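Novice: So you can see what is in the structure, the chains are spelled out below.
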Amino acid sequence: MTETFISWGMDADWAWGVATVAGILLIALPLMLAVAMIIYADRKIWAAIALRRGPNVVGPFGLLQSFADGLKVFLQETIIPTGANRGLFLIAPIITFTVALMAWAVIPFNSGAVLADINVGLLYILAISSLGVYGVVLSGWASNSKYPFFSAMRAAAQMISYEVSIGFILVGVVLYADSFNLNEIIKAQQGHGLGIVNAFGFNLLLFPLAVIFLIASLAETARAPFDLTEAESELVAGYQTEYSSMSFALFWLGEYANVLLMATLNAVLFWGGWLPPLNIDLIPWFDIPGIIWLFAKILFFFFIFSWVKATVPRYRYDQLMRLGWKIFLPISLIWIFLISGWLMLTRYS
Amino acid sequence: MIQLIAFYLFATIVIASAAMVIFARNPVHSVMWLILAFFNAAGLMLLAGAEFIAMLLVIVYVGAVAVLFLFVVMMLNIDFAELRAGFVRYLPLGALVAIILVAELIFALGAWSAGGIDLAARVAPAATDKSNIQQIGELLYTRYIFLFEAAGIILLVAMIGAIVLTHRQRGGVRTQNISSQNQRRPQDATRLVDPGVGQGMEL
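Chains as they are written, first to last, in full-length UniProt numbering: chain L, 1 to 349; chain E, 1 to 203.
A few of these clues could be false.
[As the list claims (entries may be wrong)] Taking CB as the label site, the calculated pair distances span:
id	chain 1	residue 1	chain 2	residue 2	range
1	L	Gly-17	E	Arg-89	49 to 55 angstroms
2	L	Ala-50	E	Met-1	54 to 60 angstroms
3	L	Leu-299	E	Ala-11	43 to 49 angstroms
4	L	Ser-244	E	Phe-148	48 to 54 angstroms
5	L	Asp-117	E	Met-1	39 to 45 angstroms
6	E	Leu-147	L	Trp-342	25 to 31 angstroms
7	E	Leu-147	L	Phe-286	55 to 61 angstroms
8	E	Leu-139	L	Ile-196	54 to 60 angstroms
9	E	Ile-163	L	Met-246	42 to 48 angstroms
10	E	Val-60	L	Val-58	45 to 51 angstroms
Note that these hints are calculated values from the structure, not bench results. Computed from a predicted structure; not experimentally measured. Even glycine gets a Cβ: it sits at the ideal position worked out from N, Cα and C.
Bound-form chain L, shown alone (with noise of 0.2 angstroms):
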C-alpha cells in the first residue's frame, strides 16, 4: 500500500506513515464490525439450537439488535463503585480492547494481505494473547467486591495454564512449517495432504493437535463450558459485575474480537488460512479470492464456538485444570517429540 501513497506524490516517510494507518482502519473498522454481526450470529444459533426465536425486533430478522445493543449502552451511565481504584478500573476494559485489535496486526487475510509481515508473527501472537490475561485481573482487583476478584483469580490461572499447552502445539506447527511467519504456515500448507488438500489439519501426527488447540482455544477465550470466569450460578457475572455502560460493551467487544481471533487461528495453523480447501483448480477460468476462504473457515469455526456453547455444560474448576495440566499438556509434549522424530526422519535425514 505504500507504493501506491507514493505514487500519489507523498514522501516515503508520510506514506508509509498514512498506509499504516489506512492498514489499521481497514482492519480494525470491518472487525468491529463483524464482532456486532457476530453476536448476533452467536445468539441466532443459540436459540436455534434452544428452539428459539432470538433477536428478531430490531430491523429484518433482528440483523440490527447489536447495534441497538450498543447504541443503548453508550447512552448508559458509566458508574465508578466507591471503593474501587478508579485509574485500574477504567483501564482495565481498554486493555482487553486494545489487545483483542493488536493480535490482528499479523494475521495474513490473503497472500500479501497482511499489515505487518513480520517473521515472528506466531510469538507475537502468543505474546500478545498472554497479555489478555492483564484486563480481567486488573479489572477483578480494581472492582475491589468479590465476585470479581475470584473471577480474577480464576481467569489467571486458567489462561496461565492452557498458554501453556497452546505454545507447545504452536510449536508443533512450527516444525512442520519451518517458519513462525503465519503466510509461510499457510504457505506449508499447500498440498500438504496427499498433494490434494491443503490443510495440516489432514495430516495424522498434526490432526490431534488440531483438536486440542480448538478446545484449548475455547478455554483461552473463556467460552462455554470453560466460561468459568463468568460463571453466573456462582459468580454474578464474573469480573464485569461492577462494570456498566461504555467499559462493560468493551469487555465485551474484546471478547468476541477474541473468539474471533481464535477462530482464525485455528483456520490459519491448521486448515490452511486463505488457501481453498482442495489443491484442484476445479473452476480453471475464475478464482475464489482468498479471504473469502478465509472468512468461511472463520465463519465455521465460529458457528463450533457457538454450537458447543449452547450444547456443553459448564466444566468445574478441577475438571478444568485437570484437562490443561494432565492431558493437554503430556499430550502436546509428547507430540512435539513424535513430529520431530518423524521430520528427522523423513526431511532432515
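Since the structure of chain L is provided, determine the placement of chain E on it from the hints.
Specialist: Okay, now just chain E, sitting in the frame of chain L:
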C-alpha cells in the same frame, strides 16, 4: 527519523516507569509500572533488530512472571506502609549497593570504550540474510550446546526442587478417580426391579 523518535520514546518510558515501580504507593500499581517497563524494553529490543528476544521478553516476563507477581501481590495484601518504615534504616546499605552497581557500570563502559577487550571479535558476525531465530538457534545448538543443556538441567533441578518443597502428602484426602468415573456404566450403578405391592425392596 522514526527510529530515533521511537528510541527516545521507549527509553524515556522505560526509565520513567522503572522509577515509578519504586515510587508507586500501591504495590499493584508497582507491578503495572513494571509491566510497562518490560513492554518498552521489548520495544527497544525490536529497534535493535532482535525481534525474537523482544517477543520472548513479552511472552516470558509480561505473560508469565509479571502475572505471578500480580497474583502474589493481590493475594497477600502486603502492608507497604510497614515495609516502608525501615526506609531510613536500610538507606545506607541500599546506597552502598547502588554505588557499587553504578561504579561497575562506569568501569565496564570505560573498558568497552578503551577497546582493549574486543568482545565483538570473539563470535563470528552472524550472516544477515538469516532470520533472528535461525541465527540464535544455530549458535545455541552448535557452539553453545553444552551451556544450553546445562541451563536446561539447572532449570529442571529448580523445577523438581520447587515441586519437592511444595508437595506434601496429606492422609485421609478423598480424591476423584476420573477414569473409573468415566468407565462407570448405568448397569453397574442402577438396577431395575419390579417389587410386588406391599413387599418393599431391599437396597
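Novice: Each hint: holds or not?
Specialist: Verification of the hints:
| no. | hint | verdict |
| --- | --- | --- |
| 1 | L:Gly-17 <-> E:Arg-89: 49 to 55 angstroms | holds (53 angstroms) |
| 2 | L:Ala-50 <-> E:Met-1: 54 to 60 angstroms | holds (58 angstroms) |
| 3 | L:Leu-299 <-> E:Ala-11: 43 to 49 angstroms | holds (44 angstroms) |
| 4 | L:Ser-244 <-> E:Phe-148: 48 to 54 angstroms | holds (52 angstroms) |
| 5 | L:Asp-117 <-> E:Met-1: 39 to 45 angstroms | violated (22 angstroms) |
| 6 | E:Leu-147 <-> L:Trp-342: 25 to 31 angstroms | holds (29 angstroms) |
| 7 | E:Leu-147 <-> L:Phe-286: 55 to 61 angstroms | holds (57 angstroms) |
| 8 | E:Leu-139 <-> L:Ile-196: 54 to 60 angstroms | violated (40 angstroms) |
| 9 | E:Ile-163 <-> L:Met-246: 42 to 48 angstroms | holds (45 angstroms) |
| 10 | E:Val-60 <-> L:Val-58: 45 to 51 angstroms | holds (46 angstroms) |
Hints 5 and 8, counting from the list given before, are not met by this structure.
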